[in-house]
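Engineer: Make the full structure from the sequences, and use the hints.
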Amino acid sequence: GAVVSQHPSRVICKSGTSVKIECRSLDFQATTMFWYRQFPKKSLMLMATSNEGSKATYEQGVEKDKFLINHASLTLSTLTVTSAHPEDSSFYICSARGPGISTDTQYFGPGTRLTVL
Amino acid sequence: SQKIEQNSEALNIQEGKTATLTCNYTNYSPAYLQWYRQDPGRGPVFLLLIRENEKEKRKERLKVTFDTTLKQSLFHITASQPADSATYLCALPYSGAGSYQLTFGKGTKLSVIP
Numbered sequence: 005g006a007v008v009s010q011h012p013s014r015v016i017c018k019s020g021t022s023v024k025i026e027c028r029s030l031d032f033q034a035t036t037m038f039w040y041r042q043f044p045k046k047s048l049m050l051m052a053t054s055n056e057g058s059k060a061t062y063e064q065g066v067e068k069d070k071f072l073i074n075h076a077s078l079t080l081s082t083l084t085v086t087s088a089h090p091e092d093s094s095f096y097i098c099s100a101r102g103p104g105i106s107t108d109t110q111y112f113g114p115g116t117r118l119t120v121l
Numbered sequence: 026s027q028k029i030e031q032n033s034e035a036l037n038i039q040e041g042k043t044a045t046l047t048c049n050y051t052n053y054s055p056a057y058l059q060w061y062r063q064d065p066g067r068g069p070v071f072l073l074l075i076r077e078n079e080k081e082k083r084k085e086r087l088k089v090t091f092d093t094t095l096k097q098s099l100f101h102i103t104a105s106q107p108a109d110s111a112t113y114l115c116a117l118p119y120s121g122a123g124s125y126q127l128t129f130g131k132g133t134k135l136s137v138i139p
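Chain order of the listed sequences is A and B. Here the first sequence is numbered in my numbering, starting from 5 and rising by one per residue. Here the second sequence is numbered in my numbering, starting from 26 and rising by one per residue.
Hints are supplied without guarantee of correctness; some may be wrong.
As the list claims (entries may be wrong) - For lysine-lysine, the following DSBU-like pairs were computed, each having C-alpha atoms within a straight-line distance of at most 30 angstroms:
| id | chain 1 | residue 1 | chain 2 | residue 2 |
| --- | --- | --- | --- | --- |
| 1 | A | 70 | A | 24 |
| 2 | B | 42 | A | 45 |
| 3 | A | 70 | A | 45 |
| 4 | B | 80 | A | 59 |
| 5 | A | 46 | B | 84 |
| 6 | A | 46 | B | 88 |
| 7 | B | 28 | A | 59 |
| 8 | A | 45 | B | 88 |
| 9 | A | 24 | A | 46 |
| 10 | A | 18 | B | 80 |
| 11 | A | 24 | A | 59 |
| 12 | A | 70 | B | 28 |
| 13 | A | 45 | B | 28 |
| 14 | B | 131 | A | 24 |
| 15 | B | 82 | A | 46 |
| 16 | B | 28 | B | 82 |
| 17 | B | 42 | B | 88 |
| 18 | A | 24 | A | 68 |
| 19 | A | 46 | A | 70 |
| 20 | A | 24 | B | 42 |
| 21 | B | 42 | A | 70 |
| 22 | B | 131 | A | 59 |
| 23 | A | 46 | B | 131 |
| 24 | B | 28 | B | 96 |
| 25 | B | 134 | B | 80 |
| 26 | B | 134 | A | 45 |
| 27 | A | 59 | B | 134 |
| 28 | A | 70 | B | 80 |
| 29 | B | 82 | A | 45 |
| 30 | B | 131 | A | 68 |
| 31 | B | 42 | B | 82 |
| 32 | B | 96 | B | 84 |
| 33 | A | 46 | B | 134 |
| 34 | A | 46 | B | 96 |
| 35 | B | 28 | B | 80 |
| 36 | B | 28 | A | 68 |
Stated by the list, open to error - Estimated spans, in silico, between C-beta atoms of each pair:
| id | chain 1 | residue 1 | chain 2 | residue 2 | range |
| --- | --- | --- | --- | --- | --- |
| 37 | B | 51 | A | 57 | 33 to 39 angstroms |
| 38 | A | 18 | B | 138 | 41 to 47 angstroms |
| 39 | A | 22 | B | 139 | 44 to 50 angstroms |
| 40 | A | 45 | B | 53 | 23 to 29 angstroms |
None of these hints come from the bench; they were simulated from the model. Just so it is clear, CB atoms sit at the ideal spot from N, CA and C, and this is done for glycine as well.
Structural biologist: What follows is the structure, encoded as structure tokens:
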């Protein structure tokens with residue numbers, strides 16, 4: 005139980021284009037989803053927290069107009085990187101928590117490797 | 026602001042030995058602490074959660090201790106195997122009641138040598 009999937013697993017795009025990453029909870033309802041980014045040999049940095057049906061809360065320094073987050077259902081959240089640039093290249097990971105599973109534990113997706121050329 | 030330190034970036038041990046990883050934190054008192062495993066190019070996988078009123082927790086070959094006085098957690102893998110090679114992350118909740126956000130340490134990369 006508590007499986008989270010992400011799609012795509014890797015994406016390469018041209019500078020200036022937008023990329024959408026999907027995060028799905030497969031066997032539980034995710035009332036809260038989190039989006040992280042991770043640079044090589046660095047720790048996970050929380051970008052934003054989204055609760056189903058409400059606007060995401062962004063961490064300090066994260067541009068909400070550049071990283072659009074939608075959490076329209078209890079099993080799906082999306083992260084759209086708008087007008088991507090090479091410095092946005094990173095490993096993006098989502099996680100989810102919800103009722104019926106351990107409330108203090110986050111279950112992570114496998115991650116999406118974004119490369120912006 | 027809260028700070029987490031995993032003071033070994035890398036740890037090499039011989040197969041069969043016990044690996045001990047350290048997580049230290051400062052500037053607040055978390056209600057719990059978690060350990061995750063992360064393999065290269067993959068998302069973290071939850072291993073164990075230990076609460077502030079628990080001294081020790083075990084799961085198969087894993088053992089975690091939590092010393093709130095020292096502000097330290099130790100993570101042990103007994104009878105280590107090459108398959109245990111991975112990066113292990115310590116995570117603490119943000120301060121503030123009802124907060125579910127986590128702050129992660131940089132991790133310790135464990136290599137178990139056959």
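Engineer: Hint by hint, which ones does the structure fall short of?
Structural biologist: 4, 10, 20, 21, 27 and 28
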